[in-house]
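Chemist: Protein chains in written order, with my numbering: chain A, 1 to 545; chain B, 1 to 260.
Keep in mind that the hints are not guaranteed to be accurate.
To be clear about the criterion: a stretch of chain A counts as covered by chain B if any three or more of its residues have a C-beta under 8 Å from a C-beta of chain B, and this derived list gives those stretches [to be verified]: (1) 52–66; (2) 384–392; (3) 396–403.
Quick list of the computed label-pair ranges, beta carbon to beta carbon [to be verified]: (4) B:D117 <-> A:A177: 32 to 40 Å; (5) B:R20 <-> A:W114: 31 to 39 Å; (6) A:V181 <-> B:D27: 51 to 59 Å; (7) A:L526 <-> B:V226: 52 to 60 Å; (8) A:L420 <-> B:A120: 24 to 32 Å; (9) A:A545 <-> B:G33: 47 to 55 Å.
Here are a few chain A residues that face chain B, going by a calculated C-beta distance under 8 Å [unchecked claim]: (10) S113; (11) E300; (12) F301; (13) H325; (14) V440; (15) A441; (16) E543.
Simulated from the structure, these hints should not be mistaken for lab results. Yeah, the Cβ is synthetic: ideal placement off N, Cα and C, and Gly gets one too.
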Amino acid sequence: MALRALLAAGDAAQDVVVAGFVLIFGLVVVGEYFVFERALEALHPLRLAGTALSLYFLESLMGLILIISLVSYVASGLWVHFRAADTRLLRASPLPLGALYLLRSLETFLVTSWALAIVGLPALAALGVAHARGPGFYATGLVVLLLFAALTGAAGALLTAAAGALFRRSPTRRVVAATVVALLAVFAALVGRNVIPSTGDFYTIFEPGILNGKPASIKFVEAKFARWPSHPFAAALHDAATGSHAGSPATRAALWLLPAGALLLAATAGRALYRRALPAIAESFVVTGGGATAAVGAREFPRRLRGPIGALVERDVLALARNPHELGRAAFIGFLLLLYTSFVFVAPLREVADRPTAVARLLLLNVLASGYFLTAFGLRFVFPSTSLEGRAAWVLFSSPVSLTRLFAAKLALYATLLGLAVVPIALAGTLRLVGDPVLVATTAALLVMLAATAATLLLAFGAAWPDFREPNPESLSTSAGGLLATLVCLAYVALVGWAARGAALARSEGGSVAPWLAVVAVVSGLLVAGALALARRRLRTLEVA
Amino acid sequence: MEDEVRAGEAIDAPRLALERLSKRFGDRLALDGLSLTLPPGEIYGLIGPNGSGKTTTVKLTTGLYQPTDGRVVVDGVDLQREPERAKRLLGYVPDEPFAYDRMSGREFLHLVGALWDVPARERARRIDELAATFAGLAETLDGHVESYSRGNRQKVAIVAALLHRPRLLVIDEPIVGLDPESALRARELLREFAAAGGAALVCTHTLSFAEAVCHRVGLLRDGRLVAEGDLPSLRRRATREGSPGEASLEGLYLHFAGRR
Chain A
1 MALRALLAAG DAAQDVVVAG FVLIFGLVVV GEYFVFERAL EALHPLRLAG TALSLYFLES
61 LMGLILIISL VSYVASGLWV HFRAADTRLL RASPLPLGAL YLLRSLETFL VTSWALAIVG
121 LPALAALGVA HARGPGFYAT GLVVLLLFAA LTGAAGALLT AAAGALFRRS PTRRVVAATV
181 VALLAVFAAL VGRNVIPSTG DFYTIFEPGI LNGKPASIKF VEAKFARWPS HPFAAALHDA
241 ATGSHAGSPA TRAALWLLPA GALLLAATAG RALYRRALPA IAESFVVTGG GATAAVGARE
301 FPRRLRGPIG ALVERDVLAL ARNPHELGRA AFIGFLLLLY TSFVFVAPLR EVADRPTAVA
361 RLLLLNVLAS GYFLTAFGLR FVFPSTSLEG RAAWVLFSSP VSLTRLFAAK LALYATLLGL
421 AVVPIALAGT LRLVGDPVLV ATTAALLVML AATAATLLLA FGAAWPDFRE PNPESLSTSA
481 GGLLATLVCL AYVALVGWAA RGAALARSEG GSVAPWLAVV AVVSGLLVAG ALALARRRLR
541 TLEVA
Chain B
1 MEDEVRAGEA IDAPRLALER LSKRFGDRLA LDGLSLTLPP GEIYGLIGPN GSGKTTTVKL
61 TTGLYQPTDG RVVVDGVDLQ REPERAKRLL GYVPDEPFAY DRMSGREFLH LVGALWDVPA
121 RERARRIDEL AATFAGLAET LDGHVESYSR GNRQKVAIVA ALLHRPRLLV IDEPIVGLDP
181 ESALRARELL REFAAAGGAA LVCTHTLSFA EAVCHRVGLL RDGRLVAEGD LPSLRRRATR
241 EGSPGEASLE GLYLHFAGRR
């Protein structure tokens, strides 16, 4: 009953939901801290190579935060700056456009600076503990992170305003998609080439040598990241933690000059671009099949699929394809997936293939990463599926369409899409890590069960607790139902990860993987059956206000 | 109207029968034992003050709400027992005719037609035919629904409701947002629909519209039907209860709603 009351959503329920998500983020941050701290501790005995590796670690981390923050800022910022629900109201008010730009920039920064908070802060804490530093280090570290936040926020605002100005003349879907894909590919290539260490990088780092009074390995890392805007910040953190001097005087000056310059540019050029772009976009930004008008052509519908269920599925696809904001979010999660793919193909995974414990740990991480992507995609696109019928829900619910058949069709679609998006990449990682066909097949089976179960849970929970008044998938996924779905999914992902690790260890000791597969199969079966029963019961009695 | 939809058990079954229909929201009884019957060819107007239970009745009749008690029978088919079969016989125009914003009006109408299993060619023909009823609608249909005015959304909803040739039309506020010419056309469409054997349940605050098209009118107050009948019988009853003999529907409304 208490759960039902919570899911019915009131003020107290909202507080519980916020507390729930804070708890999840807290657990993630604590988990990251322990991983970072253990990794940095392990680098200590490696002396010069260890110092270089810890610098590499910081450079990679800050580079990743920079890219994720910028992509996330632009993906959300294009909506917040130009298409937020209250834009018309604020434009009709005496608020100057410059002030609106500042407001939107702060709003976007607050919702997209999570990467800095949940990756940067635990890394700072782990760095301080691993190098046994005092309060001065943490104060310096916080200043560095704040300067870095200023850089990412200002650069994000500038890029968003520039993207708005570029797209202000109602571009076609193809132009938007091509631009986004090209940019993400460039970012992914940058990450693949620089951020993730390759086997060659490790050989260079472990080569002894001193160049101009500095270890060659440090010089190598500095040179590799010298052009990255995140380099001065990584170097400053490294210096504060180790007492060494990574980077030149110019690098140290850039620590202050880069944020200052970015803020100045955002406040001048960014504001000017925004003032030019907003009026045009507010009036005409409709992504169409072609041309610059709002017309989509005298077409029949559905064009590809048949029957009532096919028409509804095609409508979902069409709605996504015509929604730049949602496409942006999909592209962002896709981008994170691309980063993970880069890691799978660049990182020297084969080097640890002869160490069963390391292999088991990496398989666990592989399943956890897959689970993260499945949950992230699912929360954004599967869970809100029923709620997004929205104010037009009367059409579906007054029609003679069988909701059970519709649910089944959507489940098949989403389970397939989620599986195709995540399982091949995770399997590629597994294949690079292990050669044992039994273990590969076991991991494949676990991943398929993971995708199918996650899709079922998220679709069923979304159907069981829909909110037809909320048009924003982001808000829907952070509702009480979303929280419950997230918690159940994460617990289930942890179980599958644990099973993957257990199967790998059992295999290395000559044991059987069957018990591990059986545990996951039974739990998956129970979860799927429960979720389907819940959805079926709720759909039968669902009311559309 | 062509007779494409298979009806319920009885050939002469009323197009709609509400039997002791009740709906409770928490402690509040929104609808209290409403019973009414619509024979083929009848347009029935349901009027009443805000919060009297009109929209609740409509949502119960279209399957958007589940009744607390009682049942809804559409052309002989029980809505709760066979929802898909009963809904096939229904056409619905909601009070807020929202459509899917990122579709064109034509795509939306095709989608609605597909949901009711209307073949693609027939859909295209019916859309053109019905859209031509309203001046200027055909030219608007290929733009995104999100750019439509309230009136154009209303026209699209009316076309959508008639697309599959329903037996029963349920309309919550039929002419809100329509220009006078379109309101007249909507009135004619409704009359043609009834003349061809359909029945319509119309909830409205536009009493002149109800007076012009409804064969019978029911007045809801606090979830109960307090008066029902054609205009002359309602006038006779009002006169017996001390109201002026030639009262308009507006006068009758005020009388039965207890406002004077």
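Chemist: Confirm or reject each hint.
Modeler: Checked hints:
1. A count of 0 residues in the region 52–66 of chain A with a Cβ less than 8 Å from any Cβ of chain B is obtained; the coverage claim is therefore unmet, three being the minimum.
2. A stretch counts as covered by a chain when three or more of its residues have a beta carbon under 8 Å from one of that chain; for the region 384–392 of chain A and chain B the count is 3, and the coverage holds.
3. Remark: the region 396–403 of chain A is confirmed as covered by chain B, as 7 of its residues place a Cβ nearer than 8 Å to a Cβ of that chain, reaching the required three.
4. D117 of chain B and A177 of chain A have their C-beta atoms about 34 Å apart, which keeps the hinted 32 to 40 Å range intact.
5. Against the hinted window of 31 to 39 Å, the Cβ-Cβ separation of R20 of chain B and W114 of chain A comes to about 55 Å, which falls outside the hint.
6. One distance hint, 51 to 59 Å for the beta-carbon pair V181 of chain A and D27 of chain B, holds here, with the actual separation near 55 Å.
7. A C-beta distance of roughly 54 Å is found between L526 of chain A and V226 of chain B, which places it inside the suggested range of 52 to 60 Å.
8. For L420 of chain A paired with A120 of chain B, a C-beta distance near 30 Å keeps the hint of 24 to 32 Å intact.
9. Here the CB-CB span from A545 of chain A to G33 of chain B is close to 22 Å, at odds with the stated 47 to 55 Å.
10. About 30 Å separates the beta-carbon of S113 of chain A from the nearest beta-carbon of chain B, more than 8 Å, and the hint is not met.
11. Taking 8 Å as the C-beta cut-off, the interface hint given for E300 of chain A holds, the closest approach to chain B being about 6 Å.
12. Checking F301 of chain A against chain B: minimum C-beta separation of about 4 Å stays under 8 Å; hint holds.
13. A hinted interface residue such as H325 of chain A counts as satisfied when its beta carbon comes closer than 8 Å to some beta carbon of chain B; here the least separation is about 11 Å, so the hint is violated.
14. With a cut of 8 Å, the hint placing V440 of chain A at the interface with chain B is violated, because the nearest CB-to-CB distance is about 42 Å.
15. Nearest Cβ of chain B to the Cβ of A441 of chain A: about 42 Å, over the 8 Å cut. The hint is violated.
16. Of the supplied interface hints, the one on E543 of chain A holds, with its beta-carbon coming within about 5 Å of a beta-carbon of chain B, less than 8 Å.
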